[in-house]
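Participant: Going down the list, the sequences are from chains A and B.
Residues in the first sequence are numbered from 38 upward in steps of one, following my numbering.
Residues in the second sequence are numbered from 38 upward in steps of one, following my numbering.
Hints listed in this document are in silico derivations from the structure and should not be mistaken for laboratory results.
Among the hints, erroneous ones may be present.
As the list makes no split between identical chains, a pair holds if one copy fits it or if it spans any two.
What the hints assert, rightly or not - Taking lysine to any residue pairs in the SDA-like style, the calculated list, with each CA pair at most 20 angstroms apart, reads: (1) K39 - L148; (2) K225 - D68; (3) K149 - A164; (4) K186 - H211; (5) K39 - C169; (6) K193 - E150; (7) K225 - D240; (8) K193 - D209; (9) K149 - E163; (10) K186 - S82; (11) K149 - D204; (12) K225 - R236; (13) K118 - D221; (14) K225 - E87; (15) K39 - N78; (16) K182 - I89; (17) K193 - Y66; (18) K92 - A122; (19) K149 - D162; (20) K118 - H211; (21) K225 - S82; (22) K92 - M81.
Quantities reported herein were computed from a predicted structural model and do not represent experimental measurements.
Okay, here's what each chain looks like letter by letter:
Number of protein chains: 2
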Amino acid sequence: MKIITISREFSSGGRELGRRLADTLGFDYYDREIISRVAENEGMSERYVESILEKGLPQSVSITFRHSFSTPLVMEQPQTKLVHAQCEVIRSIARAGRDCVIVGRNADVILKEEHPFTIFVCASDEAKIRRCRERATDGERLSDKELMKNMRRIDKNRRNTCEIISDIAWGDAHCYDLVVNTTDWDIKELTVPVAEYARRWFDTHPKAKH
Amino acid sequence: MKIITISREFSSGGRELGRRLADTLGFDYYDREIISRVAENEGMSERYVESILEKGLPQSVSITFRHSFSTPLVMEQPQTKLVHAQCEVIRSIARAGRDCVIVGRNADVILKEEHPFTIFVCASDEAKIRRCRERATDGERLSDKELMKNMRRIDKNRRNTCEIISDIAWGDAHCYDLVVNTTDWDIKELTVPVAEYARRWFDTHPKAKH
Chain A
38 MKIITISREF SSGGRELGRR LADTLGFDYY DREIISRVAE NEGMSERYVE
88 SILEKGLPQS VSITFRHSFS TPLVMEQPQT KLVHAQCEVI RSIARAGRDC
138 VIVGRNADVI LKEEHPFTIF VCASDEAKIR RCRERATDGE RLSDKELMKN
188 MRRIDKNRRN TCEIISDIAW GDAHCYDLVV NTTDWDIKEL TVPVAEYARR
238 WFDTHPKAKH
Chain B
38 MKIITISREF SSGGRELGRR LADTLGFDYY DREIISRVAE NEGMSERYVE
88 SILEKGLPQS VSITFRHSFS TPLVMEQPQT KLVHAQCEVI RSIARAGRDC
138 VIVGRNADVI LKEEHPFTIF VCASDEAKIR RCRERATDGE RLSDKELMKN
188 MRRIDKNRRN TCEIISDIAW GDAHCYDLVV NTTDWDIKEL TVPVAEYARR
238 WFDTHPKAKH
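Next up, chain A with everything else stripped away, as it sits in the complex (with noise of 0.2 angstroms):
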């Protein structure tokens, strides 16, 4: 089995390179899914689960977390309680043996017994907000400064929620195997490197294919 995470800083075009290199390899391709997957394990509607699992983890969870998912005031908020679910889906999916790219929800540190081949994507301010942009729906109306303060606030979240959950250090580079800046890229071009070098990782790491 071969797993490829793609961990990412918001509007990076790391959800479209995964998309892309799932097609391109052929592998399965999981990204919303696994929110759906949550909310229907948890009986919950996918826009509450969404919106709470978008808040990240609270700080103040993180001895606790880290040391036992199971404390039972810890397990009663919200938050640790679908991380917990989501934890669980991203390991069925790696259960059920298919290659496979999995974008976000850190699914670098909850498979990392699994040995996948991990990516940070990352782009300058100037392209993430172009390609907030050209997305937008709301973010047509908000000015740069105001789309640059949900990014920060999107990534913070994602960083805490990596460094509550594991010794990683979000976005530093030794952490990963690959750091991609799509920065000036279309990212259908740069998907064809990528691909390549997640091929050649998969043929020279033996641990990786099983």
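Following the hints, put chain B in place on chain A, whose structure we already have.
Facilitator: Frame of chain A; chain B shown alone:
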């Protein structure tokens, strides 16, 4: 003209990657050759030039250095003078107009306007210690702790010099096109996808071709 610059942590394999990339792509290769040219231009021994440049720039010169290369007081310091001479050699390499790989020496910053493809190479501490021992001359007699201390000192000097002569945060993925983690890679194997990545970059970034 296509230029690839490689910035790297000490003992991360960046130099080997650079040499192999140059071989694979048929590019010229510059690393120690730059020291030789600086020594020749300044009428100094290579060993002396190298020992001075290894120290990096002292923090005290930062503002002056960035705003002017020619303030007499600062130019009297051998480190500043030689960093400046090194910049000149790197610019003259670019003026020659041949495709090349340049390892270290802040070529990414100095040649920014030539639109180089910029790579940063890092590795885990364990991998760097292993590589250091494989190349060992006097390294054999040092403990892991002593090796780490030396590596950190050299990287600190590289970081300082980079951050004095530019706005770049040394090692921050946003400041490079690609960050490669060599941990667990055989550099020969790694060269294949990195060369493919660089080829694709030059194919899709017309500005970099001129």
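Participant: If a hint holds in the structure, say so; if it doesn't, say that too.
Facilitator: Now the hints, each set against the structure:
1. K39 - L148: Within one copy only: 11 angstroms inside a chain, 39 angstroms across chains, cut-off 20 angstroms.
2. K225 - D68: within (18 angstroms within a copy, 34 angstroms between copies)
3. K149 - A164: between (30 angstroms within a copy, 18 angstroms between copies)
4. K186 - H211: between (27 angstroms within a copy, 18 angstroms between copies)
5. K39 - C169: neither (31 angstroms within a copy, 31 angstroms between copies)
6. K193 - E150: neither (26 angstroms within a copy, 33 angstroms between copies)
7. K225 - D240: between (23 angstroms within a copy, 13 angstroms between copies)
8. K193 - D209: both (14 angstroms within a copy, 17 angstroms between copies)
9. K149 - E163: Cα proximity of K149 and E163: across copies only (18 angstroms, versus 33 angstroms in one copy).
10. K186 - S82: neither (27 angstroms within a copy, 53 angstroms between copies)
11. K149 - D204: Classified as within; 12 angstroms inside a copy, 35 angstroms across copies.
12. K225 - R236: For K225 and R236, the Cα distance is within 20 angstroms both inside one copy (17 angstroms) and across copies (15 angstroms).
13. K118 - D221: Neither: 39 angstroms inside a chain and 35 angstroms across chains, both beyond 20 angstroms.
14. K225 - E87: Classified as neither: same-chain Cα gap 27 angstroms, cross-chain 43 angstroms, threshold 20 angstroms.
15. K39 - N78: Neither: 26 angstroms inside a chain and 53 angstroms across chains, both beyond 20 angstroms.
16. K182 - I89: neither (25 angstroms within a copy, 44 angstroms between copies)
17. K193 - Y66: Cα proximity of K193 and Y66: none, with 25 angstroms in one copy and 41 angstroms across.
18. K92 - A122: Classified as within; 15 angstroms inside a copy, 51 angstroms across copies.
19. K149 - D162: between (30 angstroms within a copy, 19 angstroms between copies)
20. K118 - H211: neither (29 angstroms within a copy, 34 angstroms between copies)
21. K225 - S82: neither (33 angstroms within a copy, 50 angstroms between copies)
22. K92 - M81: Intra 17 angstroms, inter 60 angstroms, cutoff 20 angstroms: intra-copy only.
Of the numbered hints listed earlier, those contradicted by the structure are 5, 6, 10, 13, 14, 15, 16, 17, 20, 21.
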